[in-house]
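2 protein chains.
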Amino acid sequence: MAQKPEILHKEIIGRTQIFRVESVQLKYSNGEQRVYERLLSRHAAVLIVPIIDKEHILLIREYAVGSDNYELTFPKGLVEEHETLLQGAQRELQEECGYAAGNLTMLRELSLSPGYMTHKTSIVLAQDLYAAPLLGDEPEPIEVLTWPLADIDSLLARPDFSEGRSIAALYLALRHLKKNN
Amino acid sequence: MAQKPEILHKEIIGRTQIFRVESVQLKYSNGEQRVYERLLSRHAAVLIVPIIDKEHILLIREYAVGSDNYELTFPKGLVEEHETLLQGAQRELQEECGYAAGNLTMLRELSLSPGYMTHKTSIVLAQDLYAAPLLGDEPEPIEVLTWPLADIDSLLARPDFSEGRSIAALYLALRHLKKNN
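Protein chains in written order, with numbering that gives the first Met the number 0: chain A, 0 to 180; chain B, 0 to 180.
One or more of the hints may lead you astray.
Identical chains blur together in the list; that is why a pair holds if it fits in one copy or across any two.
Okay, derived cross-link-like pairs now, EDC-like style, lysine to aspartate or glutamate, Cα gap no bigger than 20 Å in a straight line [unchecked claim]:
1) 178 - 139
2) 9 - 79
3) 3 - 139
4) 3 - 159
5) 119 - 136
6) 119 - 82
7) 53 - 80
8) 9 - 54
9) 3 - 79
10) 53 - 5
11) 119 - 67
12) 9 - 67
13) 177 - 152
14) 177 - 150
15) 177 - 36
16) 177 - 54
17) 26 - 52
18) 53 - 79
19) 177 - 94
No lab work stands behind these hints, which were simulated from the structure alone.
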């Protein structure tokens with residue numbers, strides 16, 4: 000197993016309102032050198048899988064400017080400075096779905112594209128839900144859908160349920176529920 | 000269901016060697032306006048799940064500068080101009096694992112983070128493998144691992160098997176194999 004490359008130099012080379020790009024000069028243990036770019040994340044992110052009852056999950060549907068389409072996904076967002084990961088998950092669940100959870104379980108941390116980005120997302124299972132809406136800053140109301148766990152096939156077949164993180168989170172949640180029920 | 004926002008204006012506001020950021024001014028159907036930023040992708044990407052025999056998959060282990068760690072993942076890469084998606088998948092499998100596939104199946108397209116990025120990755124199942132190495136442009140040799148399908152639990156428990164896309168691809172591949180065997 001190779002020894003980790005040494006970072007010889009790093010430097011911010013681009014910055015917009017929400018993106019920062021860093022150039023990183025590396026020396027591998029075999030002497031090879033490379034300069035790569037990576038995108039820096041500024042905040043931890045959470046993605047929540049809400050279990051509304053034993054047979055259904057909640058999904059949201061909102062416009063995504065990256066795909067220029069409405070996307071079916073799980074509630075998610077950035078954790079604020081003063082929040083823990085679970086507090087951020089609770090708030091996002093309230094803002095995007097109108098529910099709070101009596102029971103939040105951290106499933107695991109996922110990376111987005113670790114070759115190019117430092118971003119991490121924590122996947123949280125939300126159970127024992129109760130109505131507790133909070134106003135978010137969305138430009139239009141988010142649509143909340145109840146999806147039957149018996150019909151995962153047609154969910155996975157939908158082109159608008161496209162996000163790798165969401166499909167991974169669904170898989171991790173289903174495995175967790177299966178093991179613990 | 001709301002009508003899709005209208006794009007009033009878009010403009011490249013940042014550019015490095017590998018990243019391009021676009022600013023997009025939107026008008027929602029309710030009249031609300033927002034300006035968002037998104038990262039533009041330049042090439043289609045493929046991620047390959049290689050089935051080496053009925054009971055094992057292949058994984059690769061390589062250094063990722065985003066996480067500054069060695070990551071366990073599936074072979075993947077960008078499709079070149081002159082290639083189809085499946086030709087790109089075949090080449091990446093040869094360069095990163097040393098195998099070609101007699102049988103390549105497109106499982107589905109995933110998005111990375113559709114709220115912030117236009118990037119798409121096609122997930123390809125590779126079966127009927129045979130040795131056919133191609134030289135890639137890696138700074139150090141990529142480690143190839145054979146992983147038993149009977150031990151998915153410990154794979155999912157590894158912090159270095161962290162990528163949302165990889166976990167989603169594993170799930171999609173296992174479902175496909177289960178349905179077709």
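To see whether the hints hold, each was checked on the structure:
1. 178 - 139: Cα proximity of residue 178 and residue 139: none, with 38 Å in one copy and 40 Å across.
2. 9 - 79: So residue 9 and residue 79 fail the 20 Å test inside a copy (27 Å) and across (29 Å) alike.
3. 3 - 139: between (46 Å within a copy, 11 Å between copies)
4. 3 - 159: between (38 Å within a copy, 14 Å between copies)
5. 119 - 136: Neither way: residue 119 and residue 136 sit 23 Å apart in one copy and 27 Å across, limit 20 Å.
6. 119 - 82: within (16 Å within a copy, 32 Å between copies)
7. 53 - 80: Neither, since 34 Å and 48 Å both go past 20 Å.
8. 9 - 54: neither (49 Å within a copy, 43 Å between copies)
9. 3 - 79: For residue 3 and residue 79, neither the intra-copy (32 Å) nor the inter-copy (29 Å) Cα distance is at most 20 Å.
10. 53 - 5: Close neither inside one copy (49 Å) nor across copies (39 Å); limit 20 Å.
11. 119 - 67: between (23 Å within a copy, 13 Å between copies)
12. 9 - 67: The answer is between: 12 Å across copies meets 20 Å, while 34 Å in one copy does not.
13. 177 - 152: Classified as both; 17 Å inside a copy, 13 Å across copies.
14. 177 - 150: both (16 Å within a copy, 16 Å between copies)
15. 177 - 36: neither (40 Å within a copy, 39 Å between copies)
16. 177 - 54: within (12 Å within a copy, 23 Å between copies)
17. 26 - 52: Classified as neither; 52 Å inside a copy, 36 Å across copies.
18. 53 - 79: neither (31 Å within a copy, 46 Å between copies)
19. 177 - 94: Neither way: residue 177 and residue 94 sit 28 Å apart in one copy and 38 Å across, limit 20 Å.
In this structure, the earlier hints numbered 1, 2, 5, 7, 8, 9, 10, 15, 17, 18 and 19 are contradicted, and the remaining ones agree with it.
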